[in-house]
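Residue numbers (the working numbering), protein chains in the order written: chain Z, 1 to 481; chain H, 1 to 166.
Source of the hints: derived by calculation from the structure; they are not laboratory data.
Derived pair list, reagent style EDC-like, types lysine to aspartate or glutamate, alpha-carbon separation capped at 16 Å:
1. Z/Lys-462 <-> Z/Asp-450
2. Z/Lys-159 <-> Z/Glu-144
3. H/Lys-10 <-> H/Glu-132
4. Z/Lys-430 <-> Z/Asp-274
5. Z/Lys-74 <-> Z/Glu-144
6. Z/Lys-260 <-> Z/Glu-144
7. Z/Lys-86 <-> H/Glu-134
8. Z/Lys-258 <-> Z/Asp-274
9. Z/Lys-86 <-> H/Glu-137
10. Z/Lys-474 <-> Z/Asp-450
11. Z/Lys-85 <-> H/Glu-134
12. Z/Lys-158 <-> Z/Glu-144
13. Z/Lys-74 <-> H/Glu-137
14. Z/Lys-85 <-> H/Glu-137
15. Z/Lys-474 <-> Z/Glu-343
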Amino acid sequence: MNKAYTHIHYAAIFQNISRFFILLLIPIGRSLLVSGGFLQWLKGSWVDFIILAFILVYSYAKWHCCVFLLLPDKIILQSGVFIKKKTVLPFAGLSSFSVESHFWQRPFAAATLMLDTDAGTVKKADMQLIVSQKTARAFCDMIEPIFARSLSCSAPLKKKYRPKLRYVLLLSGVFSKSFAGVAFLVLFFNKSGRIIGQWFQQQIVDAFTSFSSYMAFGLPPLAATAGYILLTGWFLAFLGNLIKTNNFFAVKWGGCLKIKSGIFTLRTVLIRIDKINYINVQQGLLTSIIGLCTVFIHCSGYGKKGGGIAALIPACPKKSLAASMKIFFSDFPSQQPMAVRPEKRGILRYISLPLWLLAALFPVIPIWFLWPSWRQLILFLAVMYIVPVLWLLLLRLLAFSRCGIAQNRGFLIAGTTRGYNLYKVYIPKKKIVLARLQQNPFQKRGGLCDIVIYTNSEGRQKHIIKSLPLNKAKMIIQAYL
Amino acid sequence: MKEPLHISPKSVFIWSLRYLLASLSLFFIFTLFLSSFGHVIRIGFILFIAVGLFYILFFFPCKYQRFRCYINRHAIWLSGGVFFHKDKTMPVKQIHIVQGISSPLSRLMGLRGILLKGAGGSLYLPMLSKPEYEKIENLLLTQAVPQTSPVSSTGETPLQRKDGLL
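Next comes chain H alone, as it looks inside the complex (with noise of 0.2 Å):
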């Protein structure tokens, strides 16, 4: 692939949504227990309308924009980034793991997120479209490992030959 890989313009929506689920739960619980304390849940709605908007107008929309993903068959490089610039390099080679994760929300907008785990260290890839999530499992299963395994003439592996279970 030579153009970098974007993900989905629909995460800023799914990541602003968990933003107010999470917070909104929090701001609950404080109510609970600070029921008394008027004036400190006043001050925490204040704080948690700031910070949902910083989070939501700039924070969201700036960590989509910067992220960039590039994979051809030797590697997988990612760059992103909102107050820190990060860049990270994995052999495709060295992947042993591929992990496809979504969650309730994400599935809705048909997205998930793909986790690469390597010796030493591994990548996470968020918000990918199924079509993209799954060109990207199939180049990297092609590619990271070599076949090696006892398959048969007709294609069958020992465990389908002995009890048909699969």
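Pulled out of the complex, with its shape left as it was, chain Z reads as follows (with noise of 0.2 Å):
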């Protein structure tokens, strides 16, 4: 091996021990099994040891076999103990760059690298490693130059952004899935009963039913309990968002937007401006009715394996949304109004989903009137679909008057819908791969279409304006591509 090359940091040895966790409980299912004490399992503990053996010694090996050498213009990564490979990424190809300080890394003062380029997958980063922090400050203040060059502007100033806590706490709160949350509730109450034991899950399966038949306010047991666990789920993700984004903290320098959050965490993004795929304005109904928005940007690495939300700001009034991009794009076109909009007769292509979800009640009016003993349960379930219906009808509405199509400034504009949120993307237009029209036999008829715009970076994200006049489509599409 080349002298030149640096090891990562130990701490690394850890991480790749504690992937083999699970052969640990080999050893531990073979104590609980084995009868007759702790010299029987002593005596057939010889396989445990081999186990363990092996864990220490593969990843003191995986460990020992990861080197790094650091050249001016790139960075070269040899790994592996079988099947070795060998990885230069050039820092020119960079889209992003991340410090991650996990609170287990910092007393080891470690902390992990994660280079991102427009190449490799979505979920992993194209480059990691564990490096001490000293070595890791060292790369960000080598990397942060060559990002900040990378757009020509003369003597560029550092602009700064913080947003307020009550913006940070309404993008941690309206960005929460409580499935999520719900999906870690699970694991956590099935851990502990492994852990601690079936008596205490027992005592916390009694204390929240009892929990839930009290506060439920007329509802059944049964959904006030699902509406419970729902809610503890939401506010777990609420909790967990907090945690990532909390502290955020943007800085603009030439062609570099440094990006730092997290508590326990902590996380610094540098993000090449000019690899930025789009900019997503993004508002949800309720934001939308309260004059709130949230501007996200799509660039490799940034937000992936579980940084996080990719959010540039957490939270703003839409009417300082232009004041506040100007600190990040000078150029940036917020207050352009949609050229081309969707025609009054292509309403249906927006509202049909939902109309559909409503008209799938009607089987369950018979219902009603032969089994009365299940009204109360009927009008609960009812009542829980017809609300998110209504409410995706209501946005769907609100999407009608606000998507289209536009061009400003080198940025295609499009207002789409998808779930529920309404987006505004601005999308540069060197970074748009493929715009395609196309038209259903009923749009056909009524001489609309519908817009795709594809994007590329790490998989294909697409963008899909519907219900536009076709002569006017196909004149932007002709003007600006």
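Two chains, two separate frames, one set of hints: put the complex together.
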């Protein structure tokens, strides 16, 4: 091995060991199953020692074989015990560079570096290595000027942005998914049963059930329990997001965007501005009514692998969006109205889904009359079903009035809707890889079409703008692309 | 490079050996679980021999023969395929990551593969000899990206100057 190569931080050994924790279940399970006491267990423990020795030796060997070399224009990483890999990553191709300092790494003064390019997969960083915090800082100091000089601007100034705490709380609240929280809850509950014991697990179940029945407010006990499980799940997801997004701080220096956030895991991300694929201004129905919006950026490596939400501005009033965005993008056309809007006759394309979902309730009506004893449960389930569908219907009506397409200052602006959100996506011209006009038979008769815009990096993303007049859509696409 | 680049002739041997090792392991596991079904094992063994002969005598030599690679300053072009012909072209400027990969067997033969990753796709050049691998790696890295790093007049990077680690 060349002497210039440096080993990654020894904390990586512990991370390697943690990946084999599942193998440690074998000796633990055997110790629980073997009757006859400790001596009997010790007699047959040679298998356990072999497993343990394998875990330790392999983790050490994996660390020993992982070395990196930093050159002025690239980084070379050699890894692998049996299958050897030598990865060369030139800095000029980098889209983002992240430093994560997990709470368990801080006692070792270690940090995880993640380097990402437009190549590779969405789930995994292109290069990931654990180094000392000192080396990580030095890496950061080295990459930042490279990114800063990627945009040609004379004497770039540092512009800072720190959102108000209430906006960070709002971001964490709005983007917390109950499902993630419930999944965490189930996992915790399952593990707690195994570790602390069935008795403790039963105590939690009893306490939760009695709480739900006491606080049911006239609801059926099963419904109240389900509701409280969802609420607890949402709260846990909210806490998780808050931990990730708290202390949010962004600095722009030339072509480099530096974003810091986190409490337990301190995260610093450097983003090359010219590698941003698109900027996404997002609103839900509620945030739309109160006039707030959130700005996300799509760049390879940002918001990846549990790195939180890829937000640039957690929340800001719609009126002050232009001023906030000017900090990061001097030529950002935030006030641009849509040049081409959906036609009135194309409204069904927007509201057909919620209307079909409402129509799906009609088969329930006979059950209401045939089984009167089920009425309370049916009423509850119907309300639980209708509220989100009506919410979606209102959002789609709002989307119909807001969606469209426009172009300005090198950006293609697409107003779209997906799920329960409204999006206004600003795509730089050079990032568009394909634009497609498509018509279904109904649209063909009405002279309408959908535009699908594709951007490409670590997989393909598409943005669909529905029910635009065909002639105008063709004109704007031909003029822009 | 004007002449097409061939992969090493040793590749046929390595592919055959890999196939034998993998299929023997599978066959061994099968035998363990189906020890009471003698006729199934016998049919499996005949199949294993037939497929093995097909791969070793026809498929791998054909794969080796048909594999072509051309590289110039602008693009890398691969051609190959036994039953389905494939042509792949990747602009050198779109290559973001160059990764050399070697297994214990290929290392023993002094060979290694090179994986080129770009936005939206990747190319794999298998079984290259070390000098050829280095030649391609250097060519790709010098052509792929312009140098934009902050190197001081002494040629040191900030990391080298600050903590003297590298």
